[in-house]
Every structure is written in C-alpha cells, then in structure tokens.
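Visitor: Residue strings, one per chain:
Protein chains: 2
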Amino acid sequence: MFIICLDLEGVFTPEIWIEVSLKTKIEELKITTRDEPDYDKLMKKRLKILKEHGISLKKIQEIISEMELLPGAKEFLDWLRSKTQIIIVSDSFIEFAMPFMKKLGYPTLFCHDLETDGNGMISNYRLRLDDMKRKTVLALKKLNYEVIAIGDSYNDMGMIKEADHGILFKPPENVVKEFPQFPVTHEYSELIEILSNHLNLK
Amino acid sequence: MFIICLDLEGVFTPEIWIEVSLKTKIEELKITTRDEPDYDKLMKKRLKILKEHGISLKKIQEIISEMELLPGAKEFLDWLRSKTQIIIVSDSFIEFAMPFMKKLGYPTLFCHDLETDGNGMISNYRLRLDDMKRKTVLALKKLNYEVIAIGDSYNDMGMIKEADHGILFKPPENVVKEFPQFPVTHEYSELIEILSNHLNLK
Chain A
398 MFIICLDLEG
408 VFTPEIWIEV
418 SLKTKIEELK
428 ITTRDEPDYD
438 KLMKKRLKIL
448 KEHGISLKKI
458 QEIISEMELL
468 PGAKEFLDWL
478 RSKTQIIIVS
488 DSFIEFAMPF
498 MKKLGYPTLF
508 CHDLETDGNG
518 MISNYRLRLD
528 DMKRKTVLAL
538 KKLNYEVIAI
548 GDSYNDMGMI
558 KEADHGILFK
568 PPENVVKEFP
578 QFPVTHEYSE
588 LIEILSNHLN
598 LK
Chain B
398 MFIICLDLEG
408 VFTPEIWIEV
418 SLKTKIEELK
428 ITTRDEPDYD
438 KLMKKRLKIL
448 KEHGISLKKI
458 QEIISEMELL
468 PGAKEFLDWL
478 RSKTQIIIVS
488 DSFIEFAMPF
498 MKKLGYPTLF
508 CHDLETDGNG
518 MISNYRLRLD
528 DMKRKTVLAL
538 KKLNYEVIAI
548 GDSYNDMGMI
558 KEADHGILFK
568 PPENVVKEFP
578 QFPVTHEYSE
588 LIEILSNHLN
598 LK
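In order, the protein sequences belong to chains A and B. Take any residue in the first sequence, note its place counting from 1, add 397, and you have its number in this note's numbering. Take any residue in the second sequence, note its place counting from 1, add 397, and you have its number in this note's numbering.
Next up, chain A with everything else stripped away, as it sits in the complex (with noise of 0.2 Å):
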C-alpha cells in the first residue's frame, strides 16, 4: 500500500519566509533551505533579524494568511487524496500553516512549532523531531508502507532519499544537478503522469 509524503512550501505554497521579506522590505530574510542547507543556522539567523526590526508572530501570521496557494495547487492535492493517503511534511510550523491547511482542505500535517515571549515576539522555534522528514519516512516504511517522497529542496533530500520512490517539484538547478538519480517535475500534471504509474491507476 502506497503512502504519500509532500513537502509544504515550495509543492502547494510559495515560499513563506521569501513573502514575509517581500512584505516587510527586510532583504535579508530572503534566504531559504535552498541557500543555507543547515537548518538550525538558517532560523536563528531568521529570529535575529526579526527581533531586531520588532516583527511579531501576529504580523507575520497577517501576512502568511494573506498569501495564496500555488495555482492548481489544492485541484492537484484533491485529486490525490481521492487516490491514495497523503501527509504533508514540512519544516515550516504550525502557527505559520495552519491558515494553508485550512485553504487546502486540513490535509494531515507533519512540522514543528514556535515559542513566543510575552511581548508577542517568537523567542524560539521548537523542532518536534531532528531531520524530521527523513524520519517520517522511516516510520511509515516500517508500518509496511510504499513511501513516494515529493519535494523541491535541500531539506526534502533526507525523506526523498529514504522513501522508496521520490520525485522533485520545482527544484532549483543546484539541486537537480546534485541529485540526477531522481527524476523532475515541473508541473501538478507530470506529478498526477508519474504518481498514475506508481498507483497503478488507469
């Protein structure tokens, strides 16, 4: 039995921090996982920034609900849901998905959570789990799944590379270059070719 995980940001999503950079004119917010692989130094560098311009979890909530889904990104993700099960794994949090969740139809999701100070300020962020997606997959595996792993990034390489089929959306050139054994997808319609053959679907 097939199971399939998906990344968030960069699969459904445009890219939440990018938007939050765009929004607040702080350029150096733009960096995302496909710049900075390390996690950890990627978000610190984030809070940083944040505290330092006085941006509350409230503002940029403001801003993440504001923003839409990819075009023909919640068409794609019903028609899979009416196939197969999905869980959606992102490295994003829960305070930042849930308004994307909701405009995606309350897909499960796996990711972390934030920590806010009294003034409102995100002081830290939680991770639920290290190299989360990665093990995700690992987990389903031994429930007796067949994992199809589908992300865009540096971050998704651990869960693409563990499941037993992974598939790359939208990567950046870098990471198609670094990766050639998996093949690349552009659009929900090549997805909805190659997932059609996985599932065995007329």
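It should be emphasised that the hints constitute simulated quantities derived from the structure, not laboratory data. Treat each hint with caution, since some may be false.
For identical chains, the list gives no copy identity; a pair is met inside one copy or between any two copies.
No more than 35 Å apart at the CA atoms, straight line, and that leaves these computed lysine-lysine pairs for DSBU-like [as the list claims (entries may be wrong)]:
#, residue 1, residue 2
1, K574, K456
2, K538, K455
3, K500, K471
4, K422, K480
5, K420, K480
6, K558, K480
7, K438, K567
8, K558, K538
9, K539, K420
Since the structure of chain A is already known, use the hints to place chain B on it.
Guide: Leaving out everything else, chain B in the frame of chain A:
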C-alpha cells in the same frame, strides 16, 4: 505536539458488517470485533459466509455507498482538524472505507486492503501490518508526538492503551467493565470537552 488517532467504524460511521448483514439478510454477518476479539478468525468466517452466499465486493461497496455517517460526525471531524492533526486508524479495508473518506473530506486513513478473484469475489484480506493500531501509535510517539487515541471496541484497546491519552467513545458494556481506567464518552460534545482540555484550547 499532539496527534489524534481515531477509529472509523463506531466513531464516525455505523458498523459496515452489521449494515451488510441487514441488507443481505444474512444474520451471521452481524458478529463484529465487539463479539469476537480474534480478528483473523472473524474475517475468515465473514469471507466464507460471503462466498457461500455469492456476495461480491461490488455488492458490498453498493451497500456501503448508501450508508450515512453518524449524525454530527463530519462537524466533529471538521472541528478537530481545525485544531490539531489527526489520522483515522481502522482495521477495515481501503475498498470499503473510501466512500466514507469522501464524505468526511478525505482525512488521512491508515487501514488494510482486500484481494479479489476473477469473479469479483473477495478471495482474501491483507493486513498491512499485524497489531497495526498499536504500532501506529508507537511510531507516532517515536516521531515525538503526544498521542491521543479514540475508539469504541476491543480492536482499539491496543492503541488506546499505548497512547498517552486514551478515550472510549460509545463502547459496549463489556469494554467499559474490562477497561475502567479510560474515560467513557457517548456524544461528540463530550469528546470536544475532553479534547479541549488536552489540547489546552480556550
């Protein structure tokens, strides 16, 4: 972080085999895990009866597609999914459960599947995993989730005992007597009250 594992039949839907028994007028199909805790014995017996009466998978799927969710089930699940992450964990089969998943808005479902022969008769059942409900809770705990498990019957007790918090929903008297350590609920409003406390909701 919380995740909630919920049984399907008895929690969100009526018991499928009881409905099949009523519609086919085969009295002996009425036994469930409530009566026979040994699931393999129970299933072998059911498949033998279906074969004897010439009842195909398609016929059973027709019966299921006419079944309704329990009153308030969809609203309860919608509330739950807006607050936290959930997985439906069922010892039923994907071929039986999908019409209900559609009605519930495609929550993620962990279950088993069926084999059919050339005549469309169910020839065997495939457990994805033995002791699946308990092992699902174990896997989620290892992924650093605080697990709440909700079920009604004998085949749920593995997951309910393994979870950080177990809750019985509409259980039969024998289950209540045998497992007095777990809170007993009969209405979704009672579940919402207990869960609101666990999830620390205002």
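Visitor: Each hint: holds or not?
Guide: Results of checking the hints against the structure:
1. Taking the shortest Cα distances, K574 and K456 never come within 35 Å of each other, neither inside one copy (37 Å) nor across copies (51 Å).
2. Within a single copy, K538 and K455 get their C-alpha atoms only as close as 38 Å, which misses the 35 Å cut-off; across copies the closest is 30 Å, which meets it.
3. With identical chains, the CA atoms of K500 and K471 are at most 35 Å apart both within one copy (8 Å) and between copies (18 Å).
4. For a Cα distance limit of 35 Å, the shortest separation of K422 from K480 across copies, 32 Å, qualifies, whereas the shortest one inside one copy, 42 Å, does not.
5. Taking CA atoms no more than 35 Å apart as the test, K420 paired with K480 passes between copies only; the shortest distance there is 28 Å, against 37 Å inside one copy.
6. Proximity of K558 to K480 under the C-alpha cut-off of 35 Å is found in both arrangements, the shortest distances being 24 Å within a copy and 32 Å between copies.
7. For the identical chains of this complex, K438 and K567 are intra-copy neighbours only, at 24 Å inside a copy versus 49 Å across copies, given an alpha-carbon limit of 35 Å.
8. Proximity of K558 to K538 under the C-alpha cut-off of 35 Å is found in both arrangements, the shortest distances being 13 Å within a copy and 23 Å between copies.
9. For a Cα distance limit of 35 Å, the shortest separation of K539 from K420 qualifies neither inside one copy, at 43 Å, nor across copies, at 38 Å.
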